[in-house]
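Chain by chain, the residues run as shown.
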Amino acid sequence: MDNLVIARTEATPEIYFDYPTGVLALRGESYPENASDFYTPVFKWLRSFLASDHLDEIVANIEILYFNSSTSKVLMNLFDLLDVASTQGKRVIVNWIYDVENESALEYGEEFKEDIKFVEFNLVEK
Amino acid sequence: MEMNHFFDYQETVSDNGIFLTFSGLFTQEFIIKLGDALRSKLSIFSVDRSLELKVFSLVVEQSQNIIFYSAEKSVQISEQHQNMGVGTITVGFKDNHFFVFCGNRITNQKVDKLRQNLTLLQKMNKDELKEHYKAQRRITPDAESRGAGLGFIEMARKVSQTIEFDFFKLDEYYSYFSIKAVI
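Residue numbers (this note's numbering), protein chains in the order written: chain P, 16 to 141; chain X, -7 to 175.
Heads up, some of the hints might be wrong.
As the list claims (entries may be wrong) - Here are the in silico distance ranges between beta carbons for each label pair:
| id | chain 1 | residue 1 | chain 2 | residue 2 | range |
| --- | --- | --- | --- | --- | --- |
| 1 | X | Lys161 | P | Lys59 | 44 to 50 Å |
| 2 | P | Ala22 | X | Ala29 | 20 to 26 Å |
| 3 | X | Val39 | P | Leu70 | 49 to 55 Å |
| 4 | X | Leu43 | P | Arg23 | 22 to 28 Å |
| 5 | X | Lys65 | P | Leu138 | 38 to 44 Å |
| 6 | X | Asn109 | P | Arg23 | 31 to 37 Å |
Claimed, not checked - Below are the BS3-like pairs computed for lysine-lysine, each with C-alpha atoms no more than 27 Å apart in a straight line:
| id | chain 1 | residue 1 | chain 2 | residue 2 |
| --- | --- | --- | --- | --- |
| 7 | X | Lys150 | P | Lys128 |
| 8 | X | Lys102 | X | Lys65 |
| 9 | X | Lys150 | P | Lys141 |
| 10 | X | Lys118 | P | Lys132 |
| 11 | P | Lys128 | X | Lys118 |
| 12 | X | Lys122 | P | Lys132 |
| 13 | X | Lys25 | X | Lys65 |
Said to hold, decoys possible - Beyond 10 Å from chain P on every Cβ pair, some chain X residues (computed):
| id | residue |
| --- | --- |
| 14 | Val5 |
| 15 | Gly9 |
| 16 | Leu17 |
| 17 | Ala63 |
| 18 | Gly84 |
| 19 | Gln101 |
| 20 | Lys105 |
| 21 | Ser152 |
| 22 | Thr154 |
Just so you know, the hints here were simulated from the structure itself, not pulled from any lab data.
Since we're looking at a predicted model, the values are computed, not measured.
Think of the CB as a built atom: it goes at the ideal place given N, C-alpha and C, for glycine as much as any other residue.
Kindly generate the complete structure, drawing on both the sequences and the hints.
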């Protein structure tokens, strides 16, 4: 599989999915008009990755300064997918990287954490 | 617009503490530019990061709602730009608070449901809003998660005063919907 690389724009984050190491990085801001469409390649890539026996561990580093409500829905779906994967033999670690100056960022991370069960979800101060 | 009305317009804007306002066609490309302008304006107030992002968030959510839900579209636009809507947004600072005021035409049949949703949000406290947000995020189908469902809850969670809204019936087809968020 190739790496998944999507360049950052003003309204969408940089996405880098490194196949050899199983590390997914999302960085930037996310307020596309249609978040579901924008993130479709990420889900497609992730599903293929999870279906392969390449690695047993996957790490997602998420550092999103601002995201709109439709992105919030997509992130929830992403964490749900990872949650299911972690019940099926994968070790999944999510690092929610937040800026202390933005009080909502930690709160958003906590709320995602409350809604998933099996993934190791870390709140990491930037 | 007559020349003398233009002065009244400036006075109205100024008296209400409005520092950014736009009325017309909204597209995603335009919202990005509007967001840039907003950030540059907010830097004058030297607000902290949290507050800046709250105001930014309200402007993005409300502007994207105009794209998705305004019943008014521009006829001059080619079919490539179907995702657009006509409305008005106003951002200001008055009595020590930022506010975001937004309005657009909607079809009359949408009024009851929207009124019901917003009235429900007005009655909820912070904890109830949080639970409601999390529940809606789970149950809203992808195809319908373009904004309003979660967007209004998001707004209700960010305001310091209860959100205000109004529906004004224009004719047998359309009403004018407006919503005000004070941060």
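Taking the hints in turn, this is what the structure says about them:
no. : hint                              : in the structure
1   : X:Lys161 with P:Lys59: 44 to 50 Å : holds (46 Å)
2   : P:Ala22 with X:Ala29: 20 to 26 Å  : holds (24 Å)
3   : X:Val39 with P:Leu70: 49 to 55 Å  : violated (44 Å)
4   : X:Leu43 with P:Arg23: 22 to 28 Å  : holds (24 Å)
5   : X:Lys65 with P:Leu138: 38 to 44 Å : holds (43 Å)
6   : X:Asn109 with P:Arg23: 31 to 37 Å : holds (34 Å)
7   : X:Lys150 with P:Lys128            : holds (20 Å)
8   : X:Lys102 with X:Lys65             : holds (17 Å)
9   : X:Lys150 with P:Lys141            : holds (23 Å)
10  : X:Lys118 with P:Lys132            : holds (24 Å)
11  : P:Lys128 with X:Lys118            : holds (19 Å)
12  : X:Lys122 with P:Lys132            : holds (18 Å)
13  : X:Lys25 with X:Lys65              : holds (20 Å)
14  : Val5                              : holds (26 Å)
15  : Gly9                              : holds (24 Å)
16  : Leu17                             : holds (14 Å)
17  : Ala63                             : holds (18 Å)
18  : Gly84                             : holds (21 Å)
19  : Gln101                            : holds (23 Å)
20  : Lys105                            : holds (18 Å)
21  : Ser152                            : holds (14 Å)
22  : Thr154                            : holds (19 Å)
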